[in-house]
Amino acid sequence: GAGPIGILCAVLALNAGASKVMVTGVAADSGRLEMVRSIGAVPVRRGAGHAAQDALDQGLEVLREGDAFSIYPEGTRSPDGRLYKGKTGLARLALETGVPVIPVAMIGTDSVNPPGSKMWKFGRVQVKFGAPMDFSRFEGLAGNRFIERAVIDEVMYEIRELTGQDYVDAYATKKAETA
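So the mapping is simple: my numbering equals the position in the sequence shown, first residue as 1, plus 1.
Hint data in this document are derived by calculation from the structure and do not stem from the laboratory. Think of the CB as a built atom: it goes at the ideal place given N, C-alpha and C, for glycine as much as any other residue. Just so you know, not all the hints are guaranteed correct.
Unchecked claim - Taking lysine-lysine and the BS3-like style, the derived pairs with C-alpha atoms no more than 27 Å apart in a straight line are:
#: 1; residue 1: 129; residue 2: 86
#: 2; residue 1: 119; residue 2: 86
#: 3; residue 1: 129; residue 2: 119
Unchecked claim - Distance ranges between label pairs, derived from CB positions:
#: 4; residue 1: 127; residue 2: 81; range: 29 to 39 Å
#: 5; residue 1: 62; residue 2: 120; range: 29 to 39 Å
#: 6; residue 1: 134; residue 2: 67; range: 14 to 24 Å
Can you make the complete structure from the sequences, with help from the hints?
Right, dumping it as structure tokens:
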């Protein structure tokens with residue numbers, strides 16, 4: 002989400018040349034909202050009626066303008082350090098725009114900002130970037146749920162390769178489940 006780590010990632014992406022980056026999970030009444038806007042990020046409020054579709058629509062606009070867009074493909078933080086099944090929104094955007102996907106692994110966020118915590122702890126977060134992934138072989142197939150699932154599964158596999166995490170073939174929830 003757009004806790005301290007999400008904002009840090011937005012700042013890193015902006016410093017890398019993007020003029021806009023989407024950050025998810027900023028509460029409507031959050032004091033962070035103005036800070037997120039001030040660095041050029043697009044805040045997305047989770048929990049609102051059509052928040053997920055609104056976020057994807059904003060992401061589509063950002064990508065069509067030629068800017069970078071980052072999204073957490075699991076839709077939430079891992080509750081237990083394992084890598085969970087990705088949601089297909091990222092795949093849909095990649096297929097609709099034809100832009101490459103760069104898998105990014107953030108390792109150590111659970112130690113500096115444990116799920117449920119309100120304060121940071123000192124520690125290191127490692128960020129690894131994978132090779133750009135080209136999905137042009139699926140051109141014209143945006144909206145096909147089987148193709149979108151194949152694309153996101155391929156992205157999640159690359160993230161797993163970067164992190165070494167155990168993979169869970171289920172969607173993440175706020176509370177760790179025994180999967």
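Status of each hint after checking the structure:
Proximity of residue 129 to residue 86 is assessed by CA-CA distance (about 19 Å); at most 27 Å being required, the pair is judged to hold. Proximity of residue 119 to residue 86 is assessed by CA-CA distance (about 26 Å); at most 27 Å being required, the pair is judged to hold. Straight-line distance between C-alpha atoms of residue 129 and residue 119 comes to about 25 Å, which keeps the hinted pair within the 27 Å bound. Distance hint check for residue 127 and residue 81: the Cβ-Cβ separation is about 19 Å, which falls outside the suggested range of 29 to 39 Å.
The beta-carbon spacing between residue 62 and residue 120, approximately 35 Å, falls within the hinted interval of 29 to 39 Å. Between residue 134 and residue 67, the C-beta spacing of about 19 Å keeps the proposed range 14 to 24 Å intact.
The structure shown violates just one earlier hint, number 4.
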